[in-house]
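Use the sequences and the hints to build the structure in full.
Number of protein chains: 2
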Amino acid sequence: MADYPDANNPWRGRCRIPFERLDRERAAAERTLAKIVSQPAVSAKGDDLGPVAERLARLMRDCGLESAVLPTGGAPIVFGKRKESDRLPTILVYGHYDVQPVEPLSAWSSDPFTPVIRDGRMYGRGTADNKGQHLAQLLAMKAVLEAYGRLPVNVVMIVEGEEEIGSPNLERWVAEHAHLLRADFAYTSDGAVHPSGRPVVLCGSRGLLYLELTLRVASADRHSGNFGGVSRNAALELARVIGSLWGDDGEIAVPGFCDAVAEPADEERAAVAALPLTWPIPASEMLPRVDSPSDWFGRVLLRPNLNVSGLGSGWTGPSMKTVIPATATAKLDVRLVPDQDPHDVARLITEWVRAQAPDVEVDVISAVKPSRTPLDSPVVERVSQAVEFAWEHPPLVYPSLAGTVPDFVFTSTLALPSVIVPYGNADQANHAPDENMLLDFFHKGARTFVSVLHAFAP
Amino acid sequence: MADYPDANNPWRGRCRIPFERLDRERAAAERTLAKIVSQPAVSAKGDDLGPVAERLARLMRDCGLESAVLPTGGAPIVFGKRKESDRLPTILVYGHYDVQPVEPLSAWSSDPFTPVIRDGRMYGRGTADNKGQHLAQLLAMKAVLEAYGRLPVNVVMIVEGEEEIGSPNLERWVAEHAHLLRADFAYTSDGAVHPSGRPVVLCGSRGLLYLELTLRVASADRHSGNFGGVSRNAALELARVIGSLWGDDGEIAVPGFCDAVAEPADEERAAVAALPLTWPIPASEMLPRVDSPSDWFGRVLLRPNLNVSGLGSGWTGPSMKTVIPATATAKLDVRLVPDQDPHDVARLITEWVRAQAPDVEVDVISAVKPSRTPLDSPVVERVSQAVEFAWEHPPLVYPSLAGTVPDFVFTSTLALPSVIVPYGNADQANHAPDENMLLDFFHKGARTFVSVLHAFAP
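Chains as they are written, first to last, in the working numbering: chain A, 252 to 709; chain B, 252 to 709.
Calculated from the structure, these hints are not laboratory results. Note that the structure is a prediction, hence the values are computed from the model and not measured. Please note that the accuracy of each hint is not assured.
No copy is singled out in the list; a pair is fine if it fits within one copy or between any two copies.
[Claimed, not checked] Straight-line C-alpha distance at most 25 Å; calculated SDA-like pairs for lysine to any residue:
#	residue 1	residue 2
1	K296	S357
2	K334	L667
3	K286	P322
4	K296	G568
5	K695	P668
6	K296	T578
7	K296	A358
8	K296	L356
Right under this line is the structure:
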C-alpha cells in the first residue's frame, strides 16, 4: 500500500500493477465472460431475469463491491457500491445485463448462448452488448483492489435488466433512489470504438421512441376469391401507411418531426467533421443520399431518424394461403436528438398515421429521452486523458452515441455530467446474428477503467 | 332392378328411393364427415398426405367405386371409377381432400380438427372446403347403389390433395391420364350456394396466380441506431412496392394487367345482374368503391383481382427489437379471368415490381388458368334441372366461381364442358377460422348428386 495514492506521483504510474494483474488474468477473465454470456437474459421475451441478476450480484461481490438486487417493478437492478472515503469523488457506473432477442437463429454460425472464441473474438449474444463491457469495469476494480486493497475513488454501480426494451422503469427508479446514487459523474461503457480501433468518448446518447402500429379492418381473415378487391385489406392499408412516413426523397415526411431539433453546437459539428471515417458496411448497402462516411456519421449522431423495424400481416408461412388479412402490425423506432421529447414526437407520428388511416392504433412501447453533456466539460477532458493512457491513442470525442442508452437519467434526472466510453469493436454485430466482442478490446476495457479510477483520485 | 332405368319414366321418380335412404342415414353420414374432417391434410405444410389418401380410397370402395391411390409427384390423387356400360354417359367428378392452414389457431372457437356440431353446423377445417362436398357425392352413389344395385351413368372420380396449394401437379397428371378420364362432362362441388340459401350452378372458375416477393438489401439485420436512415431497409422498401401495386383510387396499377381480359358475354353480365344479392359481410368492411352487392359480385365473378395475402419483415414479436430488417417477403394472389394467362400476368407484375425496386425477387408459387363453359351449354341446362329437383328451387346460374378450382384441366386440357355445383353455405368461413358446413346443405348435396346421376341417364 506504500505507493498508493500519492498525489505527488502522476496517476498514470498507479495503473502499472493493476495492468500487470489484468494481463496475467486474461484467460480467467475470458472464462468469466463466457460464463455470463451463457446466461440468457432476453428482456423482450418477458423471462424472469431475477436468477441472472442474483448471479451478477455475486460476481460484483467477488470483485470487491457490496451488492444487492433491487426491485424495479420489471427486471431488477443489480446495485453495487464501494465507498472508500467521503473525501473522494464518486463515479456512478452504468451497464445492462439484458440482451437483444436472437432471432433469426438460423443466421448464427454458432449457438448464441454457447460462447465460442474464433479469431480473437468471442461470439455470443450479449458479448459486446453489454456483458463484456460492464464486466470489464468489475475486473478493473478487482485488479486495483488486489493490487492496492482499496480504490482511488468511490464507486456506485447500477446494471439494469431492461435496457433492450427501452428501460421502462429506470427513470422512476433512479429518481426514487437518488440518495443511493450521489456521484460526481456517470460513466457508461456501451457501443463501439471507431472502426479503425481508436477509442472514443461519447458525450450523450440519442433518445429512443418505440411505437407499435396495429390495424384491424375486419372481424376475421377472408377468402381472397370471394372478397379480394372489394373488402378492406389490412396488409395493403398498413403498407401504404408505412410508405407514407417517408417522402420519395427518403426524408421523413411526418410534419413537424424535426421542429424541436436543436441546432448542433459548432464544436459538435467540428468534432464530427474531424472524425476519420471509412464506410463501416458495404457502400452498396447504404442509401444513395448518404454521400460520405462523414455524412453518415453526422446523420446518426446529430440528427433524428425514423426506422421501421418490423412488419407483419396475413400468411407468411411456406407455400400459399389465399386470405385477405384482417389485421396488420408494424414496429417503428425513432432516434431522437436534443431537444426532441419522445411523447411529443409520438403525438406527431400518431396524427400523421391517423391522417392516412384513421383506424390505425399507435401504442408507445418505449420512450427514452436524448441526452448531451457539453464537449468542454472537465469530466470529458479527464476521462479522455485516462482513455488515451489505456489505449495509447487519444480518443475521438463524439457529441453523442448513434444508438441509445438511457443516459438522460444521469444528465436530466440526476443532473450529472455523463460520458460513454465504449469497449466494443465496430463490427460487433450487436442486435444482429453472430454478435461478438474482440477480446483485445475487452481486456483494453478493463485497463481503461483502471485508468479512469486513478484519473479522478485527488 | 325391375324399375331401373326406364326411359319411359321421368328420371325424377328414380330419385325417391335413394332420397329416402339418405334421409334415414343422416346421422351415419355426419359421423363419416366428422371422421374425415378429423384427419388433418394441410397441403401447405408439406405433410405426407399418403395415409389420408389411402383412407379416402377405402371410403370410396365402401361407397361402391373401384379406387386407387395414384402418385402425382406431390400429394397423391385418389382415383375412383364405376363403369356400368359403354352405352351410358360418364360423369367426371372432381374434389380435393387437402385443406387450408388453420392459423391463427387462437381465433377458432374449437379445435379445427376436432369437429363439433353447433346450431346445425359442423365446425372444423375442411368441413365445407372440400370434404363435406365430395363426401356428398360418394354418399349419393352409395344410396343409389343400395337402392338399385347400379348407377344410372358411369362415374370417374378424382380427389386431389394439392388444391389449396394451387394444384401444381394436376394439369400434367390429367394430361398423362386422359385415357382414364374419358367423360361427357366434369362435375365439381366446391364453394358456396347463394347467401339466401338458393342453389347455384357455376360455369367456370377464376384462375389463380400466387407470387412470393422476396427482398434482401443487406447481408444481415443491422442496428437501427448506427445505420437507421443511412442504410437500406427491406421492410420499408417492400412496403412501398406493395403500395405501388394499387393506385390511390384502389385500382390495380400494374400496366397491362387487364389487357387480356375478354369482354364478358352479354348473357354473363345479364346472369350477374339477375342475381338477388345482399351484403354478405358488414358493409363497413367493404371498400367504398363497391357501391352495391351486385357491383361486388360483378367484380369477383367477371373481373380479375390482385390481393396481398401476407407481409413479413423484421421483428414482429412482443415488445421491441431495434433492427433494420435485411429481408422482407410478401405473398400476392391474383385472380384471373378469361383470357388472362397466369404466366403473362406474372411477367407484367414482375416487370412493374422490378421497376419500383430492381432487387425484389418474384417467384411463382402457383399458376392456375381461368376456365369458362358457355352458359347455354346443354350440360348446364340438364344439371340445373337436376339441382332444381333436389333443392326444390331453380338454381342461380353464375358465369364463374369467384374463387379458384382447377377447372381448366377439364375445359382446356380435356376439352370437356364443366359445371360447379357448390353445396357449402355462404358463411362457411372457408380459408378462415371457424370453418363450418351447414349440415342441411351437406345432406342436400347428396340429394343433388343422386339427382344429377339420374338426369343424365339415357
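We went through each hint and held it up to the structure:
1. Both within a single protomer and between protomers do K296 and S357 lie at most 25 Å apart by alpha-carbon distance, with minima of 18 Å and 19 Å respectively.
2. In the homo-oligomer, the alpha carbons of K334 and L667 lie at most 25 Å apart inside one protomer (19 Å), although the nearest pairing across protomers, at 92 Å, exceeds that limit.
3. For the identical chains of this complex, K286 and P322 are intra-copy neighbours only, at 24 Å inside a copy versus 54 Å across copies, given an alpha-carbon limit of 25 Å.
4. With identical chains, the CA atoms of K296 and G568 are at most 25 Å apart both within one copy (22 Å) and between copies (9 Å).
5. Proximity of K695 and P668 under a CA criterion of 25 Å is satisfied intra-copy only: 24 Å inside one chain copy versus 80 Å between copies.
6. Within a single copy, K296 and T578 get their C-alpha atoms as close as 22 Å, and across copies as close as 22 Å, so both meet the 25 Å cut-off.
7. In this homomeric assembly, K296 and A358 come within 25 Å of each other (Cα to Cα) both inside a single copy, at 19 Å, and across copies, at 22 Å.
8. In this assembly of identical chains, the alpha carbons of K296 and L356 lie at most 25 Å apart whether taken from the same copy (15 Å) or from different copies (21 Å).
In summary, this structure violates none of the numbered hints.
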